Amino acid sequence: MMSLNKVTLEQVVKNQFNYKLGAYSGVFISLIILQLIAVLFSLNGVGMSGGGSEQISYSLHYYSGNLVFIFTMLWVFIVSIIITSKAYRNEDFSFVSNRLSSDLSNILFMIFISVIGTVTALLSTFLIKVILLFLPKFDMFYYSSISMNMSNFVFLGIVIAFCYILIGAAAGYFVGTLVRLSSLFKIMVPVVFVGYLIFGGMISEVSGLATVVQFFYLESSLITFVLKTTCTVMALFASSVAIFNRMEVRQ
Amino acid sequence: MKVVNCEGLVKKYGRSKALNDLSFQISENKITGLIGRNGAGKTTLLKIMAGFQKQTSGEIKVFNEHPYNSLFASANSILVDDQMAFPIALNLGEVLEAAASFYPKWDGRLARRLFDYFSFRNNQRHSELSKGMKSTFNIIVGLASRCSLTMFDEPTTGMDASVRKDFYRALLKDYIANPRTIIISSHHLEEMEDLLEDILLLKDGEKILHLTVSDLKEYAIGVKGNANALLEWLDDKEVLYKKEIGTSVIYAVIENVYSEKIRQDASKFGFELLPVSSNDICIYLTGKEKGGIDDVFK
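These protein sequence lines map, in sequence, to chains A and B.
Heads up: the first sequence begins at 0 in numbering that gives the first Met the number 0, then just goes up one per residue.
Heads up: the second sequence begins at 0 in numbering that gives the first Met the number 0, then just goes up one per residue.
There could be a bad hint or two in this list.
Output of the computed footprint for chain B on chain A, the stretches with three or more beta carbons under 8 angstroms from beta carbons of chain B [to be verified]:
1. 84–93
2. 98–106
3. 228–240
For the record, the hints were derived by calculation from the structure and aren't laboratory data.
Predicted model, so just to flag it, every value in this text is computed and none were measured.
Yeah, the Cβ is synthetic: ideal placement off N, Cα and C, and Gly gets one too.
Could you put together the complete structure from these sequences and hints?
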């Protein structure tokens, strides 16, 4: 009687996740480069105002780490699309795998890189400050983080930034999976996305982008915001899993 | 227990049928050759068995489970083909380590020794290898994984003759040391014949034969003799192949039924009886009805 290997889903997902940490390590280099570029751009500042009288003159330069954050969100979006590509899926199926384990390990990987992206994006604001400190035109720093103590600021920043970046990951994964479904979607998804959401908003007010942005951006309660993102992310991941579950691999 | 159990399997791509009502069983610890012309459905069948593709209708069970989306079937089977992909970020040494973490029965020693024998280096990347080297590396993964169902789809693509020979020998030695169910699809039946126990012959997605190699050799017989007498004699027989040799002699291959009668007739009419190689039998059985390549140029 032959002895057959018994495996559990957790075991395989764990194996695949570890495997992907090594196999997809290239994405971290792109993150570092992108964040450095974003930091460089951020040194330009986001605005400036000035004034003065006979005795004094002042100029205010505004700086923000938002660009780093936006770059990170786009990065995670694109990485998530890339890992749904045929080549990456085939790599999963070279070893023990089924569609669910491939999806679950991908989701774990996306959560992992979202954490890394969030932390490095937040840390980069300190890098911007340090660089600015060495630039000759400054005397003093003011934080605009209004009436909040530092630990509260960091905690809120991490949670909210992480939520946004995770939405980017889930959206990318969904788009990537959808596009693989049929070559029709390869054309339709970008056209609808760019055309309706972005140009639609610029030309006339038909765009739904504002509604989508308002749904997250104007939410004032942290708990509701986290709930909204969690639901969105889960819905996107679940749809991706459902779609991929019916797809054939290694064709 | 049957390792593979297939009942009325149909796979359609659009309107064309890649597999058409295919039924067979493969039992434990046998080496089966999956033989057929290009487009006969060999690759499709293997991919369905490996759980990569889903059948349109019919039933297939591997280790008593539907292979599509079964982790159990995936953990106990491996399909080695030229679409096996490995990450660009990992070098060959790391790929072997990764494989070891997935397959509980992974034979690291065998993998390492084959790796060294075929002079791979740890720091090479899979994407940098030549076609034949890729095939060789994939085979190392396939053999060392020790899966109870090991499938090779055209494993020798791009390999030179001496590596092919080495592969057949390695496969046989490893099979003797660790018996398991092996399915190989290939065009090179004449090279593998000694290796195989069973042959599953496909044509246009349908099963033509599923026999042991020794039965296949007995399946047909060649008859050579005077054209007029032979043609008359062949009238009521199933002719698989016919060829004119010179003007008055004909060589024909017929099904070897009532072999005693054939032998008596042969001595009566003065025909010469010749054995037919199993490779030729497969070619004749899967041949197109409309004659050979010569007819294209007529």
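So, going through the hints one by one against the coordinates:
Requiring three or more residues with a Cβ within less than 8 angstroms of a Cβ of chain B, the coverage given for the region 84–93 of chain A holds, as 5 such residues are present. Judged by the Cβ-Cβ criterion of 8 angstroms, the region 98–106 of chain A is covered by chain B as claimed, because 3 of its residues qualify and three suffice. Only residues whose C-beta sits within less than 8 angstroms of a C-beta in chain B count toward coverage, and the region 228–240 of chain A has 0 of them, not enough to reach three; the restraint is violated.
Checked against the numbered hints above, the structure violates only hint 3.
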